[in-house]
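Chemist: Using the sequences and the accompanying hints, generate a full structural model.
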Amino acid sequence: MTMRNTTLLLTTGVLLAIVFGSSLLSEMSWSTKQSRSDSLRQAVGLPSIAVGNLNPMARNPGLEMLCPGLYDSPGGYCYYFTAGTYPLNFTINSNETATDGIK
Amino acid sequence: MIEAVELTKIYNQGKKNQVEAVTNVSVTAEDGEITAFVGPSGCGKTTLMSMIGQLLTPTKGKVLVDKEDITAYSDGWKAIFRRKNVGFVFQHINLLPNLNALENVMTPLTCHDVDLADYKEPALSLLGQLGLSERAYFAVEQLSGGQQQRVAVARALITEPAIIVADEPLTFVDEASAKTITDFFSKLRDEGKTIVISTHVSNLAKLADRTYEMKDGRIVKSFEKTA
Amino acid sequence: MSRFKNLFNYALNCIQRYRIRTAVVLICLVVSSAVFSSVAFIEDGLTNEGELSLKYSPDLTVQGVESGRLTPVELRYLGYIQEAPSVTAVVPRIWGYANIGNTLLVVVGIDLSNPTINFAADYPLESGTFLNPESNNSVVIGRGVASLLGVGVGDVLTILTESNQPRTYIVSGIFNSESSIYSGDMILMNLKEARTFFNLPEDKVTDIMVYVSNIDAAQKGALVNLVAREISDLPNCRVVTKNLLLQAQEAAYGDRSGFFSVVWYVILIAVAIIAFNQTVVVGHESKFEIGLLKAVGFSTTDIIQVRLVESLLLGTIAGAVGLAVGIFYDSVLGAPMVADFMMGWATLYPNFTIPVAISLQTVLFTFTITIVPLLFATVIPSWLNATVDPDIAMRGARA
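Residue numbers (this note's numbering), protein chains in the order written: chain A, 1 to 103; chain B, 1001 to 1227; chain C, 2001 to 2399.
Derived by calculation from the structure, the hints in this document are not laboratory data.
This list has only true hints and no planted wrong ones.
In silico lysine to aspartate or glutamate, EDC-like type, Cα no more than 16 Å apart, as pairs:
1. C:LYS2192 / C:GLU2134
2. B:LYS1062 / B:GLU1003
3. C:LYS2005 / B:ASP1115
4. B:LYS1084 / B:GLU1160
5. A:LYS33 / C:ASP2122
6. A:LYS33 / C:GLU2051
7. B:LYS1206 / B:ASP1183
8. B:LYS1206 / B:GLU1033
9. A:LYS33 / C:GLU2178
10. C:LYS2005 / B:ASP1118
11. C:LYS2005 / B:ASP1113
12. B:LYS1187 / B:GLU1160
13. C:LYS2204 / C:ASP2111
14. C:LYS2204 / C:GLU2066
15. C:LYS2055 / A:ASP38
Modeler: If you want it as C-alpha cells, here you go:
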C-alpha cells in the first residue's frame, strides 16, 4: 500500500474515532446528567425552557413577552393558546354565511 | 490454437442503422505462429480482433481455443479467460491517464491474486526490453506515441498470456518504436505464443506465418508463409 | 486476499486520480452533512433536556381560565382535587415573570411544606445554601441572574414588586452554570414571598401541581387522564397533563428542525445532482476505464467492488468531516444563528450553554445520507457500463 493510501486510511480512521468518541462521551454525559439537577426540577416542577414554546406551561420569556405585547384579540397569536387545550381543532361550516338568519 | 468458426457481427441489429461488420469468418491461428489480418480501413479487422480476444460478443459463430468454445462462457468466465490467457494491444493504445508507465503495465495484475510488489521487477524488465527502462516512472502524457504503444505492449505481456491479440499496433507509432515492437513480436512467436495481428504495415505483415485478407467483412484470400 | 487488497488499493488510487470529482463530491456532502448534523445535535439536546425536565414535572397542572385566558386559580380547589382518586399530592405554586434589569426573569415561589421537596438533597448550587422552611426573605438565584445583577451569596437584593413596591431579599444561594438552562433566569423564594411579590390575593395561586399514584406504572397514562377528567369539572379551570407538554415539545422542535430539514433536503438534492453530474462528466473517462479494465481481465464484480469501495470511503470521509464540523459548530462555537432559531429566544435571555446531544442515531443517520446517495450515483452507472462488452464501452467513451 502506498504512503498516500495509508495516510488516507489513517485520516479516515482518526476522523471516525473523533466522531464516535464524541458521540460516546455525549451519550455517557447525558445518562449521568439527570442526577445532577433532579432535586431542583422536582422541587420547582416547571418544565425547562427546552420544552416547546407553543404551550404557555413552558417558560419562554421571549414568547411570553410577545403574547402580552401583542394585543390579546381573537385571531391574535395568544388567542389560540389561552382558548383551550393544545392541540386545537377548528371546523368551519362552509354553508354558513353572514346573511344566514337575516330576513 | 485458436479457431474462429463462422463469426458474424451485426451492430444495431434490427435498427435502421444496422451494420454487418463481419460476415461468416472462419480462420485459424496456430500456437507459435503470427497470424495476420490485412485489408483496407473499415473491412472489419478491429471487430474480428475484438471477437477473437473476447472483447466483443459475436452475433453468430464461435471462437474455440484448444477446441473449447469460449464464446459460450458467461461474462464472469470470459473475464477469467482474458485475465489468464489473453494480452490485448489496442490500435488507440488506451493507456490509463494519470498513471505512469510502470503503473499502467501493472494494471492487469490488480485482478490477480498476487502481491504486486513481487511483479515490480518483472514489469521493469519488460519495459527495459522494450527500450523504456528510463521512462518507467514517466506519466503517460510525457511519453511519445511510440513509447506509449511500447508501454501498452508491456502491459499486454505482464501476465504472460499464451495469446496476444494486437489490433493495428503500429498505427500511431514512429519507425524506431515500430521496429522494436515488430522484433518483439517475432521473439514472442519463437517462444511459442499465439499471436493474432491486424495490420496495414507491410513489415509486420511480412512477419506473419499465415495471412488473411479481408474485404467488406469477409475473408477474400488467405495464404501461408512458405519456409 | 491479495486480490482483494489489490482492488482495494486500486479504488483508493481512483479517489486520488479523479481529483476534481472527488473534491466536488466531498465539498457538497460535507456541507449537507454539517448542516444536518448541527441542527440534529441541537434538536436531540433540546429533546433530551425537555424529557429530563418533564420527568419531574407534576402529572397534572391545574390552571385558571377566565374568558378563555389564563388567570390565577382558586386555592379552595386544593381540597376537592385532593379527594380525587389516586391523587397522592396537591401542591400550590406561585410563579411569573418580572422585568428586572431590563431582562425578563422568572420568579418562582415554592411551598416549602411540599412533601416532594427533599431539603437534604444535593441541589445544583455553585455557592450558598438552598431555601429552608425557616428562611423568610431569602432567595436562591440562577447564575445568569447573579451575573446580571452583580450579586453574590449574602448580598441584599432589592427588587420592585408587581405593585411597584421595593422589596428586599437576601441571596442565600446561587445555582451553578451546569443547571443554567433550567435555573439561569430563576429567582426562587418561598410561596408567601412570591405572593407578596406578585400581589396575588390570599385565595389565589398561579397554578396547582397534582401528583398521581405510581402504583401501576403501566396504567399511569390512563390513570392521569382519568384524574384529569375528574378535575376538569371544576369551573374556570383547565388541566394540562405531562403528555401534552411532551407533544408540545415534539411539535415545536419538529416544526423548527423541519425548517432546517427543508433547507437540508434542498442541499441534498443539489448534492445528488452535482455528484451525478460529476459522474457523468467524468463518465466518459470512467466508461473507458471500465471497458479497459474488463479488457485486461477485471470481471463485472471486480469493477463494482472497486466503485463500492470508492463510494464507501468518500461517503465516510465526507460524513466524518461534516459531523466533525457540526460537533465543532455546536459544542465549541455554541451554534450561532441555529441555536437562536431553535430556541426561539429573543436576546432578553441571559447566557446559557445550549444543550447538545451527539446521539449515535444521528451519527449513523448522517453517514447514511452521505454514503447511500453516493452509492447510487456511482455504483449503478458503473454496473451498467460493466455489463456491456469492453469493446463497446471503450468505443462509446471515445465517441
